[in-house]
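Undergrad: Chains as they are written, first to last, in the working numbering: chain A, 100 to 249; chain B, -15 to 332.
By construction, these hints were calculated from the structure, which means they are not laboratory data.
If you're wondering where the values come from, they're calculated on a predicted model, not measured in any experiment.
Derived CB-CB ranges, DEER-like:
hint, chain 1, residue 1, chain 2, residue 2, range
1, A, ALA177, B, SER326, 54 to 60 Å
2, A, LYS125, B, GLY115, 48 to 54 Å
3, B, TYR211, A, ALA177, 26 to 32 Å
4, A, ILE109, B, ASP37, 54 to 60 Å
Heads up, the beta-carbon is just placed ideally off N, CA and C, and yes, glycines get one too.
Each chain, letter by letter, is given below.
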Amino acid sequence: MSDEEKGKHIVERKYVDDSRIIEPEKLEIGGIDVSGHWGTLVLPRTIEDFDNSMLKKVKSMPRGKNIEKCWQCGNCTAICPVAHAHPEFNPRYLIHIVKMGYSAEVEKLKDTVYFCSGCGLCSSVCPKGVDPQGVMIAMSIAFKSKKGYR
Amino acid sequence: MSSLPVLVIGAGPAGLRAATDLAELNIPVVLVERRKELGGAPIRWKYHSLAPDFTPTEEVLGPMIKFCKNSSNIEVIEEAVVEGYGGSAGDFSVKIRKINGEVQDRKVAAIIVATGFEHFDATVDPRYSYGKAPNVIGINELEVMISEGKVVGHDGKIPKRVAFIFCVGSRDRSTNPWCCTVCCGVSIKQAIELKQLLNDVQIYMIYMDIRTIGLWEKLYWDSMEKYGINYIRGRVGEVFYTGEKLLVKGEDTLVRGPFEVLFDMVVLAVGIEPGEGTKQVASALKLKVNEFGFLAPKIPNIHFDSGKEGIFLAGTCVAPMSVEESIAEGSAAAMQAAKLVSRTKIIV
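All chains should be modelled from the sequences, with the hints used to inform the complete structure.
TA: Below, the structure is given as structure tokens:
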């Protein structure tokens, strides 16, 4: 079943991530057929753990070493020409989810890191010397070096 | 110069500094303390060190306590409270009652009120399960553990993941609406000390705003950059004891993400509120109290002026503040009292 078809009967379906909808193709419970949308289950979006494995990886790279200095002011995203054109690319957000280890969110957004044009404006304005451009490069390498997050 | 002494109520950082300064000017002082030991909050709750530079508490308060105990100009009356007063500036008569019931009437030239604060009692706010779940402690309790060099849970286990919850009993209409001004800095200081003590511990600070004012900002930067302490912006809705660990429910507002994560220990950054001593002295000396229960100075920007001639205020009985500010306010109040005492000489 394609992702678009999954849970299509859910009201305001667009607000639920595809990955959180479970719809069994064939399931029978107590002799009753609950296949397809009868057995739809929406997983909660609650963050249940912090996973610092990706942070360690990014931190170990020369240009990613300053990631822990970030205090989420958003100066990088404010000046980023790409972020103004593509709302899905947000360097501040990427840094935060990697730093905190929100693995599901990283898994969802990891491809947006390649939107970075490498102009370096963010690194010139960062008040904490995080070097967000470098962190984006480190992240893109870190994400690529591993198939999944886990 | 009037030979009457100056009465200092409260022997915390502000009161000790005021008494020390006056005694050094050769003005006699009567120092009244409700508790048994001198030193106020930092000694009572065994503060290990003081923000922002990890100065040992002993180094800051020790010399003043020693001076007040030994100076021939200072008469220390412990376990006593001031119950009433009469007369006017330069010639007050006050009633001092010891806990054992003994009452003495004294003549004093001026009164300095430095009755300090109490930490917020976190049992009042049930969402944190303080007092019900084990391993939920206040920053005052963690400070004692750090002083003893041993931070463990109720079962003696070393915590692997610790959450600090900021603004407990502060900035909240259901408890106290003001900011305690120091708990951010103190919590971060403790987190760094905890990291130095237990190398492997993961620390998460759950905050609404980080208010490390002035030079205290260095603590905040160092905690992130040198110690890898994590910051989550949000406010905790509930702490739930699973029987083994503490489930902390909150939201990371930077990612719009609700979280429910297990922790081994939860430290509550309990705020500052006016203590029993401040309430008692306000009624005994008929001082004005502001909407928050702190003693109200005549002009909010001039803390030492109580609005009553001859009665001066200093320290956290006026507003939440750090130890360094309290010490400065003690000195300021002492100067006002000294001015009054020398003026009395001209009049008499």
